[in-house]
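**Q** Here are the chains, one letter per residue:
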Amino acid sequence: MSTNQVIHALYDDDDLLLTAVKSIREKKHHIEEVYTPFPVHGLDKAMGLDETRISIMAFIYGCIGFLVSILMMNYIMIEDWPQNIGGKPSFSYVENMPAFVPIMFEMTVFFAAHLMVITFYLRSKLWPFKKAENPNSLTTDDKFLIEIELHNNEKELNKLLKETGAVDIKTIEKKGDDE
Amino acid sequence: MEDGMYTFTNKLRNFSISMMVVGFLGLTYGFLTVPKTVEEATAMVADAHHGEGHGDSHGEEAVHDVHAETAHKYNHEAATANKQKHGEDNHGEHLLHQLQNKPWAALYVAAFFFMMIALGTLAFYAINRAAQAGWSPALFRVMEGITAYLLPGALIVFVILFLSGMHFNHLFIWMDPEVVAHDKLIQGKVGFLNVPSFLFRAMAYIGGWATYRYFSRRFSLAQDQASDVSNHKKNFRISAGFLVFFIVTESMMSWDWVMSIDPHWFSTLFGWYVFASMFVSGITTIALIAIYLKSKGYLEKVNDSHIHDLGKFMFGVSIFWTYLWFSQFMLIWYSNIPEEVTYFITRIEDYNLPFFGMLVMNFIFPLLILMNSDYKRIEYFIVMAGIVILLGHYIDVFNMIMPSAVGDQWFIGVPEIGGFLFFTGLFIFVVFKEISKAPLHAAGDPYMGESERFHY
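Going line by line, the protein sequences match chains A and B.
Residues 1 to 179 (the numbering used here) make up the first sequence, in order.
Residues 180 to 635 (the numbering used here) make up the second sequence, in order.
Only chain B is shown next, with the shape it has when bound in the complex (with noise of 0.2 angstroms):
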C-alpha cells in the first residue's frame, strides 16, 4: 500500500457486484410478471385484494375513512372529475398501463435519486471550491470519488429517457402523441415538452455537469504535483462559473426529469426543492463514506471536527428541505386550486405512509438527533442518521415518480427494492473504484494546511 492509497478490497468489490447482481435479478423479475393484457392486470389486482394482500389492507381502509371526511369539505371535484373523464370503459386499461408502468418507475427512481446523490455532492463540492473553504480540503479525494458516478449514473437516467422517448414505457404521457391529441394543456406546452428537445436538453446538462468534473478532478490531481497555484485558481474560475450553470440547469433538469412526469401540475420552487434534496443526500453521503474510511484506517487527517461540520450541514439543510417542502405544500392547500392540490390529495390518499413517513425520517429523526452539537461529533449517530436520511430522501423521489406512474399500484416490492440494491452496488463499485486512483490526501491544496488543523 502506497502512502495514503486507497485499495478497492476484493471483499467490497464483491460485495457491490453481489448487490448489483440480486438488483438486477429483482428488476428482471419486475420486468417479466408485467401483464400483458387488460384480463391479465384486472386478474392481478382482482387477486391482491382477496389474497394475502398487500398487507396494507388495514392502511387503505384508513385512507378511505380520511378520504370520506375530507370529501366533503375539501374541493375534491377536480380529482373525481379527472377520474371520470377517464371513464369507467378504460379503466382496465388504464390499470394495465400503470402495471406496465410499475418496473420502469421502480428502475428510474433508484436511478435518478442515485445520479441525484453524486450531482449534489457535485454541487457541494464545487460551492467549496468557489468560496475557498478552508476545512474541507481533506475531504476533496472523497467528493470526488462520489462525483464520478455522475456520468455513468446520469447515462443510465438518459438511456430510461431515451427509451421512454421510444414508447417502451408510459412513464411520460406528454410523449403520447394520442393523449396530447385530446389534452389542451399539454398541447400548449408542446414547445417546450417535445421528446426531440427535451432529449437535446438532457444531453446539454449532462455534457455540462460531465465537462466541469472531467476538468476540475484533473486540476485537482495536478495540483498535487504543482509547485504553484494555478491549477488551484483554476479550479477555483471553473467552480464559480459551473454553479451558475448547475442552479439553472438543475432547475430545468427538475422540471425535465420529475416535474414533467406530472404534466398538468406545476411547481415554481420545485427545482429548489429537488436541490434541496440532492444537496443534502450528496452531503449525507460524504460523512458516511469518510468515516467508512477512517474506519478502515485511512484520512487520517480527517478529525471529529470536520464530521462535525458535515453533520451541522445534514442538520441545516434537512430543515432547509423541509421549509421547501412545506412552503410548496401549505401554498398549495391553503389556495385549494383543483388542478393544483389533485397533486396532493393523490399523495395524502394513496401515498399517506410514504408520504407523511418521508417527513418523519427527512426532517423530525433528523431534527432531534442531530441537534446536540457533541452528537454530531460521535460516528454512531452520523451514521444513523445518515442512513435514515438517504432512506428518506429515496422515498421522497419515490412520492414525486410513482403516484402518477403507477398511481395507487404503488409497493415497495420486489422490482423496487432490486433497483435500490443494484444503483447501490453499481455506485459502490464506481465509487470506490475512483477513490482507490488517487491520494486520499490532496497534499498540494494551498489550504490543506488550514484543513489539517481545523478544529471547532
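Chain A with its partners taken away, still in its complex shape (with noise of 0.2 angstroms):
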C-alpha cells in the first residue's frame, strides 16, 4: 500500500510555485497534479504537460457552427418557407448570402464555445454533482499545493520541499478507490 501513500506541499505565492515544480521535476520525482486558486501562467510549461488540443477540437466545431447555419439558413429561408429578403425575391441561397452572413458567423461562435466547454468538462471528468477532488480547501483562497507520489522517499522528498520554501508538508494516505 506504500504506492498509496502522498504527499501535499502547501505554497503561498505562485512564483515560488512555479520555481518548486521546476527543481521537483529536476530532481526526477514525479508530480501527480497541483492545486492552485487561480490559472498560474507558465504551470503547463513548467509541469511538462502535454500541449491541449482544445483549440483543434474548437476549430472543428467552429467548422461545424459554420456548415450547420447554412443548411440550417437554407432551409429555413429558401426551401421550407422561401422569403422575399430585402425586396430581392430571388429564392437562392447565394445571391442572398450577405443576409445570412451574421448568423453564420454566431453559429459559428455558438458551437465552437459551447463544445469547447463542454468538451473540457468532460475531459477534466467534471460533470453534475461530481464530489470536489480538492484536497485541502486553502487552494480555493490563497495557497498552492503540489501532490506528489511518495515511494520510500519521504524523507528526501521533505528536505527537498523544505528548500523550495512550502509552508507545510504532509503525508497522506490516499483512500484506495479513485475518482
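If you are wondering where the hints come from, they were derived from the structure by calculation, not from laboratory data.
One thing to keep in mind: the hints can contain errors.
Not everything, but these chain B residues come out facing chain A in the computed CB check (under 7 angstroms) [to be verified]:
1. Met509
2. Trp512
3. Tyr513
Straight line, CA to CA, 27 angstroms or less: simulated BS3-like cross-link-like pairs of lysine-lysine [stated by the list, open to error]:
4. A:Lys45 with B:Lys491
5. A:Lys22 with B:Lys480
6. A:Lys45 with B:Lys480
7. A:Lys143 with A:Lys155
8. A:Lys22 with A:Lys143
Now the in silico label distances, taken between C-beta atoms and shown as ranges [said to hold, decoys possible]:
9. B:Gly344 with A:Val101: 37 to 43 angstroms
10. B:Asp226 with A:Trp81: 49 to 55 angstroms
11. B:His634 with A:Gln5: 35 to 41 angstroms
Every residue, glycine too, gets a C-beta built ideally from N, C-alpha and C.
With the hints as a guide, bring the two chains together.
**A** Listed below in C-alpha cells is the structure:
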C-alpha cells in the first residue's frame, strides 16, 4: 500500500510554486497534481503537461457550426418557406448570402464556444453532482498545493520541499478507490 | 558600429533609390502617354479592345454576364439613369477625363497608402504610450522610424490635393464649378466641400499629427538620458491628447481625401473603415521591419513573444477590418437604395477581381495563416501574411479611389506599379534613415525591463 501514500506541500506564492515545480521535476520526482486558486501562467509548461488539443477541437466545432448555419438558413429561408429578402425575391441562397453572414458568424462562435466548454468539462471529468477532488480547501483561497507520489523517499522529498519554500508539508494516505 | 545603433547600409540605400528612380520613370511614362484629345482617347480604348486588350477580356465578359443576370433582379435603374444623364454625346469627353485622371489616381493611391501606413503606426504608437503598455517599448524605435515618413508622405498627399484644387486634374469632381452648377446634391455640400476650407482642413490635420510626432520623438529620445521619468510622463499626456485629436481628424480626413471622391455617396462608418485599414497596415509594417532588423542582428531584445503579439494584432485587426467592410457592405446591399448601392454596383461590375480579391487577401488568407498560435511566432509566416496584407490594403485604397476617378478604365499597369515602387523606395529611404539616427534600444523607458522580460 505504499504506492497510495502521497505528500502534500503547500506554498503561498505562485512564483515560488513555479520554481518549486521546476526543481522537483529536475530531481526526477513525479508530480501527481497541482491545485491552485487561479490559473498560474506557465505552470503547464513547467509541469511538462502535453500541449492542449482543445484549440484543434475548437476549429472543428467552428467548422461544424458554420456548416450547420448554412444548411439551417437554406432550409428555413429558401426551401421550406421561401422568403423575400430585402425586396430581392430571388430564392437563391448564394445571391442572398450577405443576409446570412451574421448568422453564419454567430453559429460558428456558438458551436465553437459551447462544444469547447462541454469537451473541457468531460475531459476534466467534471460532471454534475461530482464531489470535489480538492484535498485542501486552502487552495480555493490563497494557497497552492503540490501532490507528489511517495515511493519510500519521504525524507528526501521533505528536505527538498522545505528547500523550495513550502509552508506546510504533510504525508497523506490516499483512499484505495480512484475518483 | 556603436552599441545598438543601426547603420543604413549602402546596399539598402541604393535599393531604395533605384526603386524611386524606376517608379518615377513609370509615373512619368503614365503622365506622358495621357491622351490630349477626345479622338485620341477613343482611339486608345478602341485599340485596347481590338488588340491584345488588357488581357482580361474574358473577365469582362464574365462581368457582363453577372450584369445581365443581376440587372433584372436588382434595382439597377439609378446607375443606368446616371449614365444616360451624362449623355451619349459627351461620352468621349468623359472617357478623356478618365484617362487623364489615370496617372494622377495611380500617384494618389500610392501616396495615400504609404502615408496611411505611417499614420496607422503613429496611432498604434500613441495607444501603446497612452496605455503604458509594458510589452512594446522594445519596438518603440522601430515605430518612431516608421512615423518619420508621416510628414513627408502627408505633404506629398497635400501637394496632390493642392494641384487638384488648382484644376490640374479631375480627381475630385466637386472642385469643378461647372459640375457643381448642375448638381443639386453637391450644391448642398458646398459649405463643407469647397477648395479653400478643404485645403485648410488638410493643413490642420497634417500640422496636428506632425506636431505630436515631433514632440513624442523628442521626449522619447530625451528619456534615454534622463534620470527621472518626467519625459515619459509628458509623452503619456500628449499621447492621450493626440488620440482624441487623431480619431476626429482621421475620420474627417477620410471624408475629405477619400469619400469626397464620390461626392454623392456617403457612409457613416467610413472613418472607422479607413482607420482599420491603416491600423493593420501600420502594425504589419512594424512587424516586417522588426523582423528585417532582427535578421540583420539588431533588436536583440525583441523576442518571439513580441512577434507573436504583433501577429495577434495583425490577425485581430484584419478581422476588425472585415467586420467594418461587411457592416458597410451589408447595410447598403440590404436596403438597396439607388444612390447608395451604385457605389457597390460599380465595384462589383467593373472591379470584380480587385474587389473580391481584396477580401481574400485581407481576410481569408490572414485568418487561415495566422489562426494557429504557433505560426504567429514563425517569422516566415508573419512575413508571408504581412506582404499579402499590405498588398491587399493597397488594393483596398485602389478600390476606394479608382472607380470614381477612372471608372472602368482601370488597370494595374506601368503608372500604378511605378507609383507603388516610387513610394516604397521613398518610404524605405526615409524610415531607415530615421531608424539609423537613434539607438534602437530605448534604454531609458521605465517599462523597458518589462518589455525585455516579456514572455508569453
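**Q** Determine for every hint whether it applies to the structure shown.
**A** To see whether the hints hold, each was checked on the structure:
Given the 7 angstroms rule on beta carbons, the hint for methionine 509 of chain B holds: about 5 angstroms separates it from the nearest Cβ of chain A. At a threshold of 7 angstroms, the smallest CB-CB gap from tryptophan 512 of chain B to chain A is about 5 angstroms, leaving the interface hint in force. Against a cut-off of 7 angstroms between C-beta atoms, the interface hint on tyrosine 513 of chain B holds, since the closest Cβ of chain A lies about 5 angstroms away. Using a Cα cut-off of 27 angstroms, the hinted pair lysine 45 of chain A and lysine 491 of chain B holds, with the two alpha carbons roughly 21 angstroms apart.
Of the pairs offered as hints, the one joining lysine 22 of chain A and lysine 480 of chain B holds, with about 25 angstroms between alpha carbons and a cut-off of 27 angstroms not exceeded. Restraint check for lysine 45 of chain A and lysine 480 of chain B: the C-alpha separation of about 23 angstroms stays at or below 27 angstroms, so the hint holds. Our distance criterion of 27 angstroms between C-alpha atoms is met by lysine 143 of chain A and lysine 155 of chain A, whose separation comes to about 23 angstroms. For a cut-off of 27 angstroms, the pair hint linking lysine 22 of chain A to lysine 143 of chain A stands: about 18 angstroms separates their Cα positions.
Evaluation of the 37 to 43 angstroms hint for glycine 344 of chain B and valine 101 of chain A yields a pass: the beta carbon distance comes to about 40 angstroms. In this structure, aspartate 226 of chain B and tryptophan 81 of chain A meet the distance hint of 49 to 55 angstroms, their C-beta atoms being roughly 54 angstroms apart. Here the CB-CB span from histidine 634 of chain B to glutamine 5 of chain A is close to 37 angstroms, well matched to the stated 35 to 41 angstroms.
Hint compliance for this structure: no hint is broken.
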